[in-house]
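J.: On the provided structure of chain A, position chain B as indicated by the hints.
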Amino acid sequence: MSFNVLIVDDSLSMRAVIRKVLSMSGFHMDQCFDAGNGREGLAVLEREWVDVILSDINMPEMDGLEMLRKLKENPVYQNIPVIVISTEGSEDRVNEAFCNGAKGFMKKPFLPEDLKKILHNVLGVDADGSYEDDKKDSDDLDF
Amino acid sequence: MEATKTIRKILTTSTFDVFEKMFFIFLEVSNAGVRQYDLVTSVHFSGPLDGEIQLGLSDSLAQAMVENMLSVNRSDVTQAMKEDCAKEAVNMIAGQFVRSLDSTKIIHLALPVCFAGALAVQQGIAGPDLERCLSLESEKGHLSVLASLKDYGLNNGG
Numbered sequence: 001m002s003f004n005v006l007i008v009d010d011s012l013s014m015r016a017v018i019r020k021v022l023s024m025s026g027f028h029m030d031q032c033f034d035a036g037n038g039r040e041g042l043a044v045l046e047r048e049w050v051d052v053i054l055s056d057i058n059m060p061e062m063d064g065l066e067m068l069r070k071l072k073e074n075p076v077y078q079n080i081p082v083i084v085i086s087t088e089g090s091e092d093r094v095n096e097a098f099c100n101g102a103k104g105f106m107k108k109p110f111l112p113e114d115l116k117k118i119l120h121n122v123l124g125v126d127a128d129g130s131y132e133d134d135k136k137d138s139d140d141l142d143f
Numbered sequence: 001m002e003a004t005k006t007i008r009k010i011l012t013t014s015t016f017d018v019f020e021k022m023f024f025i026f027l028e029v030s031n032a033g034v035r036q037y038d039l040v041t042s043v044h045f046s047g048p049l050d051g052e053i054q055l056g057l058s059d060s061l062a063q064a065m066v067e068n069m070l071s072v073n074r075s076d077v078t079q080a081m082k083e084d085c086a087k088e089a090v091n092m093i094a095g096q097f098v099r100s101l102d103s104t105k106i107i108h109l110a111l112p113v114c115f116a117g118a119l120a121v122q123q124g125i126a127g128p129d130l131e132r133c134l135s136l137e138s139e140k141g142h143l144s145v146l147a148s149l150k151d152y153g154l155n156n157g158g
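Top to bottom, those sequences are chains A and B.
Per our numbering, the first sequence runs over residues 1 to 143.
Per our numbering, the second sequence runs over residues 1 to 158.
One chain only, chain B, in its complex shape:
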């Protein structure tokens, strides 16, 4: 239980920091639960810590991320730009997340992947994983962040 609390806290801080610094978007915790997402992006990490961070985004939020990060007009935003920004976001969240868990050792981050439309389904948002899933929103749209970690005291009631 304590490990889950720690993970949620670090995940929240990492996500808020990335969205504020790089996308100028201010998030709030939401109680909306599991929702539909238009983009799902994820990154695996391995080494002393092994796991994955998944990010689910509404299209309107991905749109705002591109507009804010790249200072482009709404009409100039492409699907490729949204996917690139989403991948960069999950990459930065994961980097900060693993650094916060262990800043001494090298934890290898894989290249992020992104799925859109019908393929944008978050895996594992059920059962115990729900405990590690954050539901967040801003005036621009909503997102969820899910951390999966192997052997971090999560399977032993830790």
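Chain A on its own, in the form it takes in the complex:
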């Protein structure tokens, strides 16, 4: 199984780094979309199917927390897992993100291994990039 990914961050450099880490990590990525803030991120969702969102918090126009709230309100988007990647990492801020529907939280600066680990936890992607459901399917075939 491959995933469509949406990266939401106002820094072009950070979006490029996250994209690079994802492609180097063995993560099975199909399409990768990006957006400069929450409003642009929601606009991408209107025209593309996305399996997972990686989002910053602190952005102009619409920040990551407001985007999370909008996603939570929408029955079509509310089940898309969101991993927050932010410089802000106080306990209260992390709790706020989870209360608004985030499934994972990663603090910047991060190592590529950190991103792999959190994707594994949130999506069930293995260290080799394979997906737990794929394994179940192949196991089924053996029987």
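Watch out, some of these pointers could steer you wrong.
[Said to hold, decoys possible] Label-pair restraints from in silico Cβ distances:
hint, chain 1, residue 1, chain 2, residue 2, range
1, B, A80, A, K72, 26 to 36 Å
2, B, R35, A, E46, 46 to 56 Å
3, A, K72, B, R35, 13 to 23 Å
4, A, A43, B, N31, 28 to 38 Å
5, B, T13, A, E91, 33 to 43 Å
6, B, N68, A, E61, 26 to 36 Å
7, A, P112, B, S100, 15 to 25 Å
8, A, R69, B, S46, 46 to 56 Å
9, B, D102, A, L12, 26 to 36 Å
10, A, D114, B, S100, 11 to 21 Å
11, A, W49, B, R74, 24 to 34 Å
12, B, N68, A, P60, 25 to 35 Å
13, B, E2, A, G26, 43 to 53 Å
14, B, E139, A, E46, 39 to 49 Å
What the hints contain is simulated information worked out from the structure, not anything from laboratory work.
Keep in mind that this is a model prediction, so the values were computed, not measured.
Backbone N, C-alpha and C fix where the C-beta goes; we use that ideal spot for every residue, glycine too.
T.: Same frame as chain A, but now just chain B:
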């Protein structure tokens, strides 16, 4: 005095961590003092802690940051990329800095700003602020980091 020491230590750790993890650049403390910088970027924070982190960078260091972070060739690096990387760096340093000072409460970080060329002047690098200014260097270039904090025991000899 103790507060200044704490701030310097946290600022050093935060800066080293960001440069090593995100830019693969290894820094050393320098005794060079105040120097000229080609880029100055800063971010304000507010809430239970109120202040600013300023970063001054030489052009060669900003160039190396982009090359390393984005894996691009020297000739493909633009001024916009240097400014974007510099802003991301100060943002991450500030985030880690305020987290280290108080990890329980929400401290709001503003969006970072960046000035280049003649506008790249670090404010407040004089008098007591010099105590909270780190001068650092690597083989790729030099930088300084300045932390300004209101009401953190700095004005009372704390």
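J.: None of the hints should be skipped; say for each whether it holds.
T.: Do the hints match the structure? See the list:
no., hint, result
1, B:A80 / A:K72: 26 to 36 Å, "holds, 34 Å"
2, B:R35 / A:E46: 46 to 56 Å, "holds, 49 Å"
3, A:K72 / B:R35: 13 to 23 Å, "violated, 49 Å"
4, A:A43 / B:N31: 28 to 38 Å, "violated, 51 Å"
5, B:T13 / A:E91: 33 to 43 Å, "violated, 20 Å"
6, B:N68 / A:E61: 26 to 36 Å, "holds, 30 Å"
7, A:P112 / B:S100: 15 to 25 Å, "holds, 23 Å"
8, A:R69 / B:S46: 46 to 56 Å, "violated, 22 Å"
9, B:D102 / A:L12: 26 to 36 Å, "holds, 31 Å"
10, A:D114 / B:S100: 11 to 21 Å, "holds, 18 Å"
11, A:W49 / B:R74: 24 to 34 Å, "violated, 38 Å"
12, B:N68 / A:P60: 25 to 35 Å, "holds, 26 Å"
13, B:E2 / A:G26: 43 to 53 Å, "holds, 47 Å"
14, B:E139 / A:E46: 39 to 49 Å, "holds, 48 Å"
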